Amino acid sequence: MFHSFGKHFLYTGLEGGSCHSQYGGWSNVWFLLSQCGVCPAPNGQSRKGGQVKATATYRILAMVKQEQKESSDRPDNTAFTQQRLPAWQPILSAGIVIPGFVLIGLAFIGVGVGLFITSQNIQVLELDYTGADTANPCYECGRQSTKNCVCTMEFSLSTLFKGPVFFYYGLTNYFQNQRRYGVSKDDTQLFGDLDAIKTPTSDCAPFDYDGNNRSIVPCGALANSIFNDTFKLYVKTNNSGKKEVPLDGKGIAWWTDYNVKHRNPDVTPLKDAFKDTVKPINWPKPVYELDTTDEYNNGFINQDFLVWMRRAALPDFRKLYRRITADEYHDGLPAGNYSLEITYNYPVLTFNGRKKVVLSNVSWMGGKNDFLGIAYLVVGSLCIVMSIVMLIVYAKFKFPEED
Amino acid sequence: MTWKSPLALVREALEGQRARESELRKLVSNLPYEGLEKGKQPNRFFPSNAVKTTKYSPLLFLPKNLYEQFHRLANLYFVGLAILNFIPVVNAFQPEVGLIPICVIMCLTALKDAWEDFRRYQSDKKINNMPCFIYSRYKQYVEKRWKDVRVGDFVKVVCNEIVPADLLLLYSSDPNGVCHIETANLDGETNLKQRTVAFCFIHQNPGFEPESFNCAVVCERPNNNLNHFKCLVEKPDKDRVGASIESLLLRGCTVRNTNHAVGFVVYAGHETKSMLNNNGSRSKRSKLERKLNVDVFFCLILLFTMCLIGALGHYLWLESLPGVPPFLVPDSNGHLDEPSLASFYMFFTMIILLQILIPISLYVSIELVKVGQIFFITNDIDLYDEETDSRVQCRALNITEDLGQIEYVFSDKTGTLTENKMVFRRCSIMGTEYPHKENGKDFLTETEVIPDQKLLQQITRAESGGGHRDSSRDKDPHLDFFLALAICNTVVVSMANAHRQRVSLPLLKRAGSFIQRKSKRNHTILEVPVTDAAKTDSREDRNGVQTCSLHPLSQSGGPTLEPEDLCYEAESPDEAALVYAARAYGFILLARTPDSVTVRLPSGEELVFEVLDTLTFDSNRKRMSVLVRHPVTKEYVLYTKGADYSIMELLGTPYAGEKRNIEIYLKNIAADTQHHLDCYAKEGLRTLCITKKVVSESTYRSWSGERKRAKAAMECREEQIMETAVQLETNLTLLGATGIEDRLQENVPESIMALREAGMHVWVLTGDKPETAVNIGYACRLLEEEDLVINMSCKNKLTCTSILDCTLEEVRRYGEDPSNVDTTPNISLVIDGNTLTMAMSPDLQERFVDLAKRCRSVLCCRVTPLQKSGVVKLVREKLKVMTLAVGDGANDVNMIQAADVGIGISGQEGMQAVMASDFAISRFKHLTKLLLVHGHWCYTRLANMVIYFFYKNVAYVNLLFWYQFFCGFTATAMIDYWLMIFFNLFFTSTPPILFGIFDKDVSAEVLLGVPELYRTGQVNMTFEYNFLTFWISILDAFYQSLVCFFIPYLAYRDSDVDIFTFGTPLNTVALFTILLHLAIEIKSWTLVHWIIMLGSVALYFVVTLAYSAVCVTCNPPSNPYWIFQSQMADPMFYLICTLSTVVALLPRYTFYVLKNSVAPSPLLQGRQLDRMDPSTRDQWIKEWRGFRGGGPVKRYELSDPPTPTLETPADFFPDSDADFMGDDLSLNVITQNRQRVVAT
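Respectively, the protein sequence lines represent chains A and B.
Residue numbers for the first sequence, in my numbering: 1 to 403.
Residue numbers for the second sequence, in my numbering: 1 to 1240.
Isolated chain A, as found in the complex (with noise of 0.2 Å):
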């Protein structure tokens, strides 16, 4: 079968160059055969009587196909060659597809059913923080371009908010998928490669270098440009007194990114690695002082700058910031009153931002969304619908088969 294929292909496919197939291939066959032209005819049949019955030629020609039959030209009459392998040919038409849009029906409602009662049982407090109207406590900070200027919102839980809580922070119409922004960064360096820090990649420009050609580290506008509002939650006590509710900033990050993309250089103490090297811009102290406290926190490796460093993918996007775990929290806040102390820095204000924060629990599908739920509902539904309309066209119209 593919030896014919190549030999046909061959030559149907070499035509189109020149004359080869016509004069490479042929002339030598020829100049082959009538070389073998000269063996002597077989000319064994007799004449009959005066009537002429064939010529000599057609007895000639009549030898060579019989010789022929086993290498003639035929082609293989396999079912693949032939175009005939079996096959599957379903037609869509009503009756058949009934069965199949109410399956699909069902099954969808159902889905949409499980995933809509899901995203009802999530609880979800957002605390917008801009301080873009009077009314904000953070309106003052807001204003101020004064730095770590503090700020407190106050809010109440009626009932217990279930745990795990996720506290996240929020920002909208921050376009950290912009292009340039997004590619603003260097992997290599943040891997923990020695070279990378000294000369960071063109990437990273013009947050490369400083002024004194002194590598910026991490470099990049994205490393730069990181969240730096702190939080810090309080529950009031019974006695107007308050007490802070630990926040867990361990395991907020990938795993991967924590393990594997992000490495601190392995070098001892940590500073060393970062000679001759600066701060970005806008940080107050270096890559190896996020966190002097936990070694494992520090550097590239550091929980937050690996959650800000993971770009957002749409323009209003929420990044964890801490999470509440400790024990006495292990069923979630419990109803009461709150304030969450805000360390007011990042501006938002040049691009319109909003800033907010967010407690949520999570379920098995991440955060509160109803849009899948219904989503599955409506095509569920309309699904059956169909259905329905099919099976009048299938009365109306029968199968055309059946004419």
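It is worth saying that the hints were derived from the structure and are not from the lab.
Misleading hints may appear alongside valid ones.
[Unchecked claim] Residues from chain B that keep clear of chain A, each with C-beta distances beyond 12 Å, as calculated:
| no. | residue |
| --- | --- |
| 1 | A92 |
| 2 | R290 |
| 3 | W317 |
| 4 | S340 |
| 5 | S464 |
| 6 | S802 |
| 7 | Q1018 |
| 8 | L1035 |
| 9 | I1181 |
[Claimed, not checked] In silico EDC-like links for lysine to aspartate or glutamate, alpha-carbon gap of 20 Å or less:
| no. | chain 1 | residue 1 | chain 2 | residue 2 |
| --- | --- | --- | --- | --- |
| 10 | A | K250 | A | D331 |
| 11 | A | K368 | B | D1054 |
| 12 | A | K162 | A | D327 |
| 13 | A | K243 | A | D327 |
| 14 | A | K356 | A | D316 |
| 15 | A | K356 | B | D1054 |
| 16 | A | K279 | A | E341 |
| 17 | B | K1155 | B | D1054 |
| 18 | B | K230 | B | E723 |
| 19 | A | K368 | B | D1130 |
| 20 | A | K198 | A | D266 |
| 21 | A | K319 | B | D1130 |
| 22 | A | K319 | B | D1054 |
| 23 | A | K250 | A | E289 |
| 24 | A | K356 | A | D229 |
[Unchecked claim] Every beta carbon over 12 Å from chain B, so not counted as near; a handful from chain A, in silico:
| no. | residue |
| --- | --- |
| 25 | Q123 |
| 26 | D133 |
| 27 | R143 |
| 28 | V150 |
| 29 | R214 |
| 30 | V245 |
| 31 | D248 |
| 32 | D266 |
| 33 | H330 |
Given the structure is predicted, the values throughout are model-derived calculations rather than measurements.
No residue lacks a Cβ here, since even glycine has one placed at the ideal position from N, Cα and C.
Since chain A is already given, all that's left is putting chain B on it; use the hints.
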């Protein structure tokens, strides 16, 4: 090496240029200059015989190939974009990555080109190193290689050897100076052709001394015409003698039946006629591809619109920002571009990002698909012909889908509809008809003629009539008639058991093993032809038989020569049939040389006629003549045979032997013969008139002088030669006429029926007389009994105009009257060549075309090759339809080339038609399957694939586009670029290609059983690929991309999702949607389909998983590490993918279901037929056909042609129901013709 000044070099180069370009070339022998340096060689300016068909050399391959590839606009576009990507301000990806797709595609193309070129190089090398004998002053003939041959050399070719260059034949071992060649390598014609030694050297036997050659050869500039060559031999005494193609041995021909020959190299290498004829394969643009280019243009507009939106959006986005946000990155100088400038750059960046909207791989994929389609066409066992052991050949590689859109079929008759195996059926001599009743049997072959008893007696009587040699015997018209049949032709006699056999592959293989076994004797075996032939030669010499009039072959056979051993090699089968007929009556053509014809008479006596001249056949004169000198009476006799209408005008002198009232008798003979001819024609026979003329010696002398001058003329040689021919062919004496039958090929009526049912208008264009043609028309069901046959034949333009108007009026009336829709007969048109010329004149052609459009079938008679192509062009251009021309002979070449699709039938008349064709088949019936099945398949497959390709690219690119609304129009891709490339290059490329090769909407059986299904592909009602389907698929692509983007978007809104985590489900959803979309389109699922579809999905997951797991920092700055893994661990991913895919495909699916249920298309009904079991299906098709009134095809019955039904104002077709042998034939048309003839 001597040093040469640059000036001298330039002068030399210019001189060479001038020598090559000049109209005439003067060549002299190289021998006097042998051994001298190159600068002294007289013929140094002409190329050597080494051929080089390769396009590239190893060193220059890269630049040259790149140059070639950049000629394709698409490549240029993509390279331009890749370069654009290197400009920092506009780049969208890492610059290097942008090069990948174009590099992959260009590398593949370059590899293919290199491989092809290498094959060409190998074959060139083989050819250039073939051995040949070149004369050298010192060592006589030395064996050298082909590439050593130069212009001006003397080359010896021996029997069965291939001629290495174009040689002017100077010497042949044949005593008559004849050399036989076989031109099968050039034009595929297998009959032997005679070449004669150039006139002035003809008497140089026995030996030829190249050293004594002191003439100059003046020849024309090389051209590619295989049948014309003009050359002068200038002797030292300034005497000039002409030489023509008759003396030229062409490169690539094989020398046969001649021991050896010596020639002077006129053209070598690339200047030889065979090389000049090799202009590669035909490259046609298919209709679909032309349409596709328009759609590519639409895509371009779409792309620009999208980029403009992107640029505008970017501008507005930048403008809306109140300050400089942290995510806006300044350039390296810390400077931010103005919004307007930034958005200007963004436009180009967007082009780079969205570039795959223009389907880069579409062209490559189409080429691949066509290779696959051609593979299946050539491998179809139904298109294989046992008898000739040949399959269908696809010579044009890129118009397979045009086969599925044909609306007009133009067919030749002879050899295409008929067998072109001529059988002598009847003859009329001196007004007496000899019916040859025995001859009509089917089993007879062309070589077998059973003599008519009455005629045989007549001949015996005439033979023995005088008893002794007197003038009355020689003047008996019956004898003359058969003598004319035997002499007046160009048939070459060869021995049936002589050297020349068409040995093909198996014999070769046997010989090969034989050679292997006795490899040491290999050389001897190869030498056999030479020695064998030499033996024959020596025996001749020993016997001393030197009758120069006898052919050497017959000599070697000796006096015991039997007619059965003779084999006639004729250029046209008609001639062979006539010679065989003559043989049956005892007039045996024994040998033919350029100078003589040997005929054995029934008495056993062998006469050798000296041939003084042969006036060859041409399509203007429509006759040929041979001027001979009778060996006994010494009279100069001109025998002419030709078409009756070209002969009847030239009749003059009465037959010399008649003693009665000559005038009246002659008139009667002419009238009777004409009557018989008309009857023959009605029977569907091909007719020829045979005449004789005795030329007086003085006339001959003066004429031959003129003839010689005409032959030596350098300018207008052909015209002058024709003029001399016309001068001599006057005052002919009618001897009689012959009727030759040409049977219909098998299944021709069924095929024509099927083509017509498939909605094609079938036209038959033939050179035959109207009566013959109409008869064949009924026989092959081109015309039907109940048809309205309009017969147009008029003499002047005025009548032609009025006839056209009247008929058109009438036909319109038929067409427009709604009350007789059911009763309206089908209209057929019969038109003859003259009328056709008038109808095709610029002022009438509109009306003619309008009429022709309304006719189901048209029959054009007596048309010339040029008219054939004219008709095709007219219909093709005026009606804007797809045309197909099918023919088998050289006269169909024009037509085949003029049509959109040209089909050649490899038949009896050589290979010219095949060479000019796009597809070559061996039987007419194969056309049905080729068009109805393969044409339909190829078209639907390719059309669906092309639409799918557009859809696929738009759908995928739009995902990126929608994302721009959420990233400030900054050309961010949410999918890793490598995965994006792989998506197009690997994950989704094979299924559509396979779809284009394998998909089968309806089975071959149903397509053949219900030819109406073919109509779906025809241009005016295309369902598959038109403006609407293209835009519907584009809209669908937009919808699907919206769904694929916004469902994940809404699901991930307000979450902490990162870019690539968001992109992963998008990419996956796109993959599933795009593949499942194809799954809806695929009509039949074979194992291959399953493997490829599931394989593509598996490949996607495997590659993406591997890529996400391996690449930590290898692709900065994008970093998809572990993202796909984390997504696959998330149930949301699956929920989103399922929902998006279902919602994206639901409308299309529902639409198909509803359409199939409510208004099923014909194709769908065909598919439903397919699902029945075969017997039910056959029953159904039969019933359905019966209902439609098709009925079984009747057998072709010659004696009972149906009666036409309508009499038009024009000449109408005569009542042809009359018994052939009856006396009362009504012959309105013909009578008129005859009157006209007499009047002129």
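Evaluated hints:
1. A92: Not fine: 8 Å to the nearest Cβ puts B:A92 too close to chain A.
2. R290: B:R290 is indeed farther than 12 Å from all Cβ atoms of chain A, at 19 Å.
3. W317: Label violated. Min Cβ-Cβ 8 Å, cutoff 12 Å.
4. S340: The claim stands: B:S340 keeps its Cβ more than 12 Å from every Cβ of chain A (closest is about 17 Å).
5. S464: With a cut-off of 12 Å, B:S464 remains clear of chain A, as the shortest Cβ separation is near 19 Å.
6. S802: 50 Å, holds
7. Q1018: Check passes; 23 Å lies beyond 12 Å.
8. L1035: At roughly 20 Å from the nearest Cβ of chain A, B:L1035 sits farther out than 12 Å, so the non-interface label holds.
9. I1181: With a cut-off of 12 Å, B:I1181 remains clear of chain A, as the shortest Cβ separation is near 15 Å.
10. A:K250 - A:D331: 19 Å, holds
11. A:K368 - B:D1054: Holds, because 9 Å separates the two Cα atoms, which is no more than 20 Å.
12. A:K162 - A:D327: With a Cα-Cα distance of about 13 Å, the restraint between A:K162 and A:D327 holds, given a limit of 20 Å.
13. A:K243 - A:D327: Distance of about 15 Å is within 20 Å: holds.
14. A:K356 - A:D316: 11 Å, holds
15. A:K356 - B:D1054: Holds - the C-alpha atoms of B:D1054 and A:K356 are around 12 Å apart, at most 20 Å.
16. A:K279 - A:E341: Measuring from Cα to Cα gives roughly 27 Å; hence the hint is violated.
17. B:K1155 - B:D1054: Roughly 41 Å between the alpha carbons, so the hint for B:K1155 and B:D1054 is violated.
18. B:K230 - B:E723: 18 Å, holds
19. A:K368 - B:D1130: 15 Å, holds
20. A:K198 - A:D266: Given that 20 Å is the threshold and the Cα spacing comes to 15 Å, the pair holds.
21. A:K319 - B:D1130: 18 Å, holds
22. A:K319 - B:D1054: 10 Å, holds
23. A:K250 - A:E289: 17 Å, holds
24. A:K356 - A:D229: 11 Å, holds
25. Q123: Holds, since 15 Å exceeds 12 Å.
26. D133: Given a closest Cβ separation of 17 Å, the condition holds.
27. R143: 14 Å, holds
28. V150: 22 Å, holds
29. R214: 16 Å, holds
30. V245: At roughly 21 Å from the nearest Cβ of chain B, A:V245 sits farther out than 12 Å, so the non-interface label holds.
31. D248: Non-interface label on A:D248 holds, nearest chain B Cβ at 17 Å vs cutoff 12 Å.
32. D266: Answer for A:D266: holds, closest chain B Cβ roughly 16 Å.
33. H330: 23 Å, holds
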